[in-house]
Amino acid sequence: MRVLFGGDYNPEQWPERVWKDDYRLFDAASINTVTLGVFTWALTQPREDAYDFTALDAAVTRAVAEGRTICLATGTGAHPPWMARAYPEVTRVDFEGRRHRYGQRHNSCPSSPAFRRFSAAVAGRIAARYASVVTAWHVGNEYGGACYCPLCAAAFRRWLRERYGGLDALNEAWYTRFWSHTFTDWDEIEPPNALTEHWRGPDHTAFQGITLDYLRFTSDAMLANFRDEKAAIRASSDAPVTTNLMGMYKPVDYHRWAPHLDFASWDNYPPDDTAHARMAFTHDLMRGIKGGAPFWLMEQTPSTTASRQVNPVKRPGVMRLWSWQAVAHGADAVLFFQLRASRGACEKYHGAVIGHAGRDDTRVFREVAALGAELRVLGGVTLGARTPARVALLFDWDSWWALEMTDGLNRHLRYTEIVLAYHRAVWACGTDLDAVAVTADLSGYDVVLAPALHVLADGVAERLAEVAARGGTVVVTFLSGLVDAHARAYLGDPPLTSLLGVRVDEWDSREPATVNPVTLPGGPDVAARLHFDLITPVTAAVEGVYGADFYAGTPAVTRNEYGGGEAWYVGTALEQAGVDRVVRRALDRHGLAGPYADVAGLEVATRVTADGVPLTFLLNHRDEPVEVVADRDATDLLTGAPVTGGATLRLAPKDVLILR
Amino acid sequence: MRVLFGGDYNPEQWPERVWKDDYRLFDAASINTVTLGVFTWALTQPREDAYDFTALDAAVTRAVAEGRTICLATGTGAHPPWMARAYPEVTRVDFEGRRHRYGQRHNSCPSSPAFRRFSAAVAGRIAARYASVVTAWHVGNEYGGACYCPLCAAAFRRWLRERYGGLDALNEAWYTRFWSHTFTDWDEIEPPNALTEHWRGPDHTAFQGITLDYLRFTSDAMLANFRDEKAAIRASSDAPVTTNLMGMYKPVDYHRWAPHLDFASWDNYPPDDTAHARMAFTHDLMRGIKGGAPFWLMEQTPSTTASRQVNPVKRPGVMRLWSWQAVAHGADAVLFFQLRASRGACEKYHGAVIGHAGRDDTRVFREVAALGAELRVLGGVTLGARTPARVALLFDWDSWWALEMTDGLNRHLRYTEIVLAYHRAVWACGTDLDAVAVTADLSGYDVVLAPALHVLADGVAERLAEVAARGGTVVVTFLSGLVDAHARAYLGDPPLTSLLGVRVDEWDSREPATVNPVTLPGGPDVAARLHFDLITPVTAAVEGVYGADFYAGTPAVTRNEYGGGEAWYVGTALEQAGVDRVVRRALDRHGLAGPYADVAGLEVATRVTADGVPLTFLLNHRDEPVEVVADRDATDLLTGAPVTGGATLRLAPKDVLILR
Amino acid sequence: MRVLFGGDYNPEQWPERVWKDDYRLFDAASINTVTLGVFTWALTQPREDAYDFTALDAAVTRAVAEGRTICLATGTGAHPPWMARAYPEVTRVDFEGRRHRYGQRHNSCPSSPAFRRFSAAVAGRIAARYASVVTAWHVGNEYGGACYCPLCAAAFRRWLRERYGGLDALNEAWYTRFWSHTFTDWDEIEPPNALTEHWRGPDHTAFQGITLDYLRFTSDAMLANFRDEKAAIRASSDAPVTTNLMGMYKPVDYHRWAPHLDFASWDNYPPDDTAHARMAFTHDLMRGIKGGAPFWLMEQTPSTTASRQVNPVKRPGVMRLWSWQAVAHGADAVLFFQLRASRGACEKYHGAVIGHAGRDDTRVFREVAALGAELRVLGGVTLGARTPARVALLFDWDSWWALEMTDGLNRHLRYTEIVLAYHRAVWACGTDLDAVAVTADLSGYDVVLAPALHVLADGVAERLAEVAARGGTVVVTFLSGLVDAHARAYLGDPPLTSLLGVRVDEWDSREPATVNPVTLPGGPDVAARLHFDLITPVTAAVEGVYGADFYAGTPAVTRNEYGGGEAWYVGTALEQAGVDRVVRRALDRHGLAGPYADVAGLEVATRVTADGVPLTFLLNHRDEPVEVVADRDATDLLTGAPVTGGATLRLAPKDVLILR
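Those protein sequence lines, which keep their order, are chains A, B and C. Sequential numbering of the first sequence, starting at 1, is according to this note's numbering. Sequential numbering of the second sequence, starting at 1, is according to this note's numbering. Sequential numbering of the third sequence, starting at 1, is according to this note's numbering.
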């Protein structure tokens with residue numbers, strides 16, 4: 001048993017004579033796992049009434065013969081051409097209201113009976129045929145997007161009936177007395193899009209209520225597709241079923257999916273090569289989907305992506321470092337898209353372990369093979385190990401959606417940027433963190449962060465208060481807790497008022513170029529931007545004040561003692577240094593900062609094995625070497641060398657150290 | 001009798017128990033006026049064959065009981081959901097040719113028989129029910145947008161038949177021999193949009209003629225909707241009828257509406273907090289709709305808007321200052337949107353006199369209440385007073401439309417920017433100005449400004465010449481007078497040639513970064529940008545010359561003596577300082593500059609009461625105090641204190657002084 | 001016989017009384033040619049079953065009477081309104097899938113049977129009527145755009161059947177096993193657009209194969225329209241037939257059209273006034289369409305265009321200089337759009353020889369008349385002369401399309417910018433160049449440039465190798481030769497590997513702001529941007545190396561000796577100075593640099609008359625005078641003055657000299 005290593009492999013795209021070369025190179029790179037069949041539906045079911053497993057049989061048989069672990073896809077991430085022609089309703093209607101015709105992928109209407117019937121049927125057939133050789137099932141692919149067709153409209157109405165019971169409740173929830181929108185018949189309700197409630201795009205809606213519900217409905221509709229196939233698989237196989245999630249992917253609320261995934265897996269394509277902290281957070285979020293259980297890194301590129309405007313290669317050492325980062329945060333599998341490059345179509349220049357030339361003397365292949373060798377050395381020690389976090393961050397798709405679709409806020413605010421700033425402050429301290437849903441059990445955490453938690457669902461205020469009441473520390477920011485699950489403003493003082501000990505009557509918004517300096521204890525003034533709460537303290541102590549504008553001298557940051565604990569309120573978008581100072585205060589109150597909290601660019605993450613042994617990962621993201629002092633005796637797992645407490649640990653640029 | 005003070009109030013959106021608080025707070029803020037029912041259609045007519053006045057009865061009864069002046073809306077600014085389902089043609093087809101489905105507001109096809117029938121019917125019912133308690137009627141809401149549906153196409157063809165009689169005249173007017181467009185049947189004519197004559201958007205048309213006519217048709221079609229409802233109201237009520245206009249709103253030519261409005265009212269949402277002069281001009285324009293009669297400020301926000309990318313709050317004192325500015329320019333009502341904040345939907349974060357928390361100890365409420373108290377002190381002295389302007393500026397929707405839709409001009413030119421520069425030069429001098437249509441009587445003005453008057457309708461050249469002939473001064477800019485009402489270039493020397501005394505054979509256009517310095521007498525060179533006429537003087541004197549490019553040394557600004565007067569021609573887009581110098585020459589010729597013409601940021605405006613008493617408003621828009629010397633004995637109307645000629649008048653930042 | 005001089009003339013747009021003035025002014029400007037009838041279809045065929053030649057008869061009769069050469073258009077560049085109403089399928093469906101209705105021009109579906117029938121019929125009628133007086137036929141106008149309607153879909157499927165025979169070949173060519181796209185029925189294939197395979201726009205496709213084929217199909221469909229009309233003309237007339245091409249116009253592959261044009265003509269509207277080299281190249285490309293035979297400059301503006309955001313006038317002397325540039329590169333006609341300005345519609349402010357005022361004392365008219373006089377002096381000496389180029393540049397629409405539609409490359413790369421940099425290096429040396437298709441005979445060239453030749457069709461590698469093998473020099477850049485005609489990557493080492501002597505395993509892409517300095521012999525380091533090949537030399541010598549990033553010190557530019565010649569490889573986008581140094585090495589190897597190769601801004605071009613006499617054109621594009629030494633005895637053709645070898649030649653700014 002060791003970390004699964006390999007990735008997406010599509011041998012049906014090239015002649016069988018090449019497969020021999022492929023497996024020779026897989027051996028050379030210690031690749032033990034292949035994901036097969038991700039887009040083979042048109043081959044497997046060449047017409048409505050016929051299945052043909054020739055291609056998949058060949059690929060699976062060869063993988064079995066070569067002794068690889070198989071992750072087998074149901075192949076339903078794109079429907080075959082014949083289906084779109086025979087059932088035009090299987091294609092989607094887009095946000096602009098346009099019925100698409102055949103093309104691309106992720107192109108199926110989730111409410112289409114034809115798609116649901118055919119996808120479940122093919123998944124069932126595949127499961128029946130290959131159950132005996134499959135380690136894990138991969139359903140669909142990167143679920144996402146949305147459909148606005150009449151079938152979805154009808155399904156949405158059914159979904160609403162179940163949720164609201166009657167139109168009175170719906171009208172109340174959506175606040176339809178505004179702008180004369182009172183609905184008197186379910187059939188009057190249209191999907192919210194460019195032809196109905198939206199203008200400019202998905203983030204501008206006349207009614208947040210309907211748009212929030214359509215996002216929830218869409219998440220659920222795709223989840224139903226996943227569940228259709230999973231149920232069909234279960235008829236033949238008990239192997240675990242997953243689908244490849246996409247990290248912080250706005251259109252789908254993965255917390256709604258969590259109960260239905262047997263394990264979490266995700267595709268890591270960071271926006272740039274300085275996204276270390278962002279990736280760390282996303283790993284934490286994906287791990288959080290399944291309550292902290294290990295996940296699979298289902299896809300990453302060995303070198304470049306193909307879909308960006310500009311696609312730089314990963315610098316030497318970066319692929320290795322980021323692979324180890326995944327393991328450090330809970331991955332039990334490190335997989336690539338793609339093992340061999342396609343000859344044609346839009347991903348032909350996406351990075352691959354084996355390029356068009358089929359060579360093993362390339363830089364990319366050499367780095368992959370070296371990582372494979374290291375993972376072999378590591379063996380199974382990390383498998384199943386868990387992260388011992390004492391800090392939780394509440395991540396909430398409802399708040400993400402609401403915050404970015406609501407008029408009257410600053411349109412330059414981005415939910416994930418606010419969240420990432422608070423995560424980064426924790427990450428920089430080498431402190432483990434869980435990113436969890438607002439429904440998660442908070443009783444095990446010392447510190448709970450609630451950045452930009454705009455939507456405050458029922459009970460969350462009480463549960464945050466409990467954290468403080470039992471001595472914990474809560475950190476809340478501007479725009480949190482103002483609206484209910486239907487994005488309706490709370491009347492009177494909002495629910496978090498007593499916990500935070502402040503009142504906010506109004507806020508100011510300014511263009512990105514405007515900076516207001518905030519004075520915080522323990523360092524120079526820090527810049528605040530975009531949003532500025534005008535705060536009236538009620539019971540809270542003032543911790544930071546604005547330095548400019550007509551509200552100069554008024555509070556920007558407060559801290560309220562509550563029960564045995566305390567609650568911070570940060571009323572503006574502080575630059576990172578400001579967030580760092582607030583968060584450090586919260587961590588230090590509980591002694592949670594790590595030994596290398598002040599070493600920039602050195603990530604520290606911990607996993608604890610099933611038998612309670614902590615494994616510490618040190619990851620040097622810098623382009624320079626880093627030296628730190630070992631804080632205890634340990635073993636270097638990659639070299640086997642002993643490490644003595646107090647000795648100097650030296651990490652080369654992009655290097656990694658795993659200490660047990 | 002005093003200035004009406006209050007605003008939009010939608011009590012149907014919250015429980016009746018809250019209303020008591022609302023009125024208590026209205027009393028505390030001296031609010032005497034409520035606008036009711038602006039979006040209540042779905043409540044008032046819950047289905048095609050039923051009316052239900054429960055909600056409106058309750059709101060009106062309470063307002064009557066509380067002794068408020070009522071401005072009652074017909075509520076037709078958004079149709080109810082059932083109407084869109086039963087009559088899908090009641091929704092609009094947009095510029096892209098897409099039929100919309102139910103959503104948003106301002107969503108009705110103006111040509112739809114169903115909408116016309118239902119809107120008139122509901123207006124009639126409301127008028128019949130509430131005539132006895134209503135001070136003014138508010139029809140629809142912020143008319144605007146456009147529809148491109150088949151019903152509008154048919155209505156457009158009828159409109160064209162009436163205007164042109166036959167196709168020969170239409171072909172001639174639209175110049176259809178170009179690009180093989182000769183129409184041989186009325187039904188061949190399509191609304192000009194993205195699927196027909198346009199590319200890129202509304203400002204790029206193959207034929208200006210058809211696009212101009214469609215804009216006029218659309219203005220008229222919406223006006224017909226207004227007239228439908230007004231006629232229905234007149235069956236029961238003689239109270240004045242208005243609708244809330246939107247200032248410089250491009251899609252609707254308010255001058256076409258003027259005869260049908262009983263009084264003008266408008267919603268003032270300036271683009272930023274430095275728009276003093278722009279607002280002043282817009283007040284002048286709105287006052288000009290009804291020949292200078294007082295208007296209502298129907299909406300302004302007490303604090304923030306919600307619809308912008310970034311929504312700053314009005315700084316302390318700004319709401320008061322801008323309210324007084326409205327009065328200074330002719331407002332007899334100062335109303336807010338909104339008196340209490342909605343809990344949900346896209347305007348929930350729009351500023352409100354009473355916020356979600358329902359408090360009276362907020363900054364915003366305190367400022368509103370203080371203004372209410374001041375207005376009470378003022379009493380009725382300003383009511384009905386008029387502006388004694390000797391300067392007119394010709395504002396022309398046809399020119400706005402033509403200038404910005406015509407290929408071959410500089411696409412960076414904006415009609416309103418050119419107009420505002422000429423207004424600002426007058427405004428800065430403390431000189432009153434009327435913004436009037438090209439059809440207005442010009443006989444009462446000493447100075448007439450015609451900036452960017454691209455379209456020269458029949459007779460306007462003659463009437464401008466008369467102004468000069470009788471000793472007045474005319475100021476004309478580049479791109480004026482080149483085309484007729486169908487946007488066809490005049491052949492031969494264009495009509496303004498003899499008045500201006502210049503010939504323009506060609507012009508140069510350059511990117512915004514290119515500056516040509518222009519030498520004008522009386523100061524340093526000023527920058528010119530974007531458009532550069534190459535001028536050949538015929539009888540005119542050269543007043544300014546270009547300093548660069550191959551036309552260096554040739555005229556940029558000229559002045560032509562004509563009759564007893566003179567006509568300036570400014571052939572390029574001068575920076576403000578250049579416009580100021582030209583306009584000051586024109587004003588000084590008639591002694592029209594005010595006493596504080598050189599005090600930056602101090603606005604001076606005058607209203608003359610019915611009995612001939614001038615009231616002078618001094619408005620300090622600066623963030624610093626201003627001191628000036630009183631030019632005569634007077635009374636400070638807000639304090640009642642006497643002012644002696646020669647004494648120092650001190651205005652705090654954002655302060656206002658009203659002298660009688 | 002002399003150079004044809006004149007242009008588009010649309011007298012049907014204004015009263016006949018004006019025509020007399022027009023011809024008087026034509027005489028004054030030595031205008032001998034008029035292009036008539038370009039948009040007269042609606043007049044010529046006012047309804048389906050009727051022709052009316054009144055207007056065209058009048059225009060043609062007058063031109064004949066006035067003794068002008070007539071280029072007669074078929075007028076089918078825009079269909080009449082009645083046709084769109086009677087045959088709605090004659091209008092196009094756009095990339096967004098929207099059926100357009102009547103409007104604009106270039107608006108006909110090329111696959112519409114109605115359009116094909118009517119256009120051929122009207123062309124035939126016109127040819128029959130006017131054959132005796134016409135010198136050349138002008139079919140349609142500026143063919144371009146695309147249609148995505150069901151008729152085009154059906155025609156595309158027919159086109160594919162002819163090309164591929166069966167679906168297996170098509171699936172293989174398009175690589176449809178990717179993303180489950182295997183087609184099992186021809187009718188499943190949809191035109192690639194925003195509703196099928198594309199996202200963001202025309203440059204983002206899931207499958208390059210289908211998009212490439214649709215571009216080829218569209219080129220061929222429009223060519224079929226041209227051929228329809230040409231065949232109809234041939235029934236009555238043997239006069240040469242052309243259409244006005246548009247230079248580097250991406251949507252249409254003019255090389256596919258070449259066999260069907262009797263001569264090339266094109267419309268020269270450069271993007272700005274510093275486009276000298278670009279225009280020179282475009283002339284070379286248009287001349288290359290017909291194997292180097294002289295072409296017509298069918299349109300240029302005498303002063304301004306109207307369609308840009310900003311439309312500067314041509315500075316004094318520029319129109320003359322650019323007209324001579326056309327002649328220098330092979331034009332036997334210099335024509336304007338337009339001789340008289342339209343009064344209305346979107347081109348009314350496009351420059352015209354005669355403006356709205358009808359004057360002859362304008363700057364523009366004077367410059368046109370002066371050029372007319374010069375052309376008269378020149379007489380027929382240049383007619384039929386050809387360009388003696390020893391350098392060829394391969395210009396390839398397939399590569400243009402593929403390079404800019406493929407994911408995984410740097411989206412900031414522009415095919416024409418890369419091509420133009422290599423042309424400019426040749427042009428700056430005063431070296432004549434032919435821009436030719438990849439199918440052209442290369443045996444006559446010493447140097448062949450293949451910049452960004454992404455698509456390497458069958459046989460091209462061999463033919464480039466032959467150039468080097470016989471002693472020539474080949475220059476190839478990054479991203480060349482990687483894919484076949486279906487945009488499928490070559491497997492194994494790509495075909496140019498042995499010629500170039502290098503291997504490229506991967507490349508790096510960076511944002512435009514990132515610069516990597518490249519060290520080249522013979523000068524300071526040059527900047528490289530956007531794309532950086534990581535090159536492994538096999539047999540090639542290293543000529544330039546990167547100075548930065550992890551590949552610092554590795555090759556950026558190589559040179560490989562091959563047979564008697566050599567092949568350069570440039571693996572990155574060098575700034576112009578770098579390209580210049582590489583190209584100069586190639587030219588100098590064959591002694592091809594001209595005598596004034598180091599004089600910036602002085603263009604030198606040669607034409608050789610039928611009797612072998614070289615004519616040298618010197619064109620001074622600078623704003624300063626230029627002095628050079630005559631390299632031989634000659635005659636100045638415009639003045640008749642003798643020039644002695646060794647004497648100083650002085651050219652004023654924008655001046656031209658023609659030496660025989």
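Fair warning: there could be bad hints in the mix.
[Unchecked claim] Partner residues aside, some chain C positions facing chain B, computed with beta carbon under 7 Å:
id	residue
1	P80
2	F95
3	R98
4	A306
5	V310
6	P312
7	Y349
8	H412
9	R414
10	T416
Since the hints were derived computationally from the structure, they do not count as laboratory data. Remember, it's a predicted structure, so these values are computed and weren't measured experimentally. For glycine and all other residues, C-beta sits at the position ideal for the given N, C-alpha and C.
Hints versus structure:
1. P80: holds (6 Å)
2. F95: violated (12 Å)
3. R98: holds (6 Å)
4. A306: Where the cut-off is 7 Å and the nearest Cβ of chain B is about 3 Å from A306(C), the hint holds.
5. V310: V310(C) check passes; min Cβ-Cβ to chain B is 5 Å, inside 7 Å.
6. P312: holds (6 Å)
7. Y349: This hint holds: Y349(C) lies near chain B, its Cβ roughly 2 Å from the closest one there, short of 7 Å.
8. H412: violated (22 Å)
9. R414: violated (21 Å)
10. T416: violated (22 Å)
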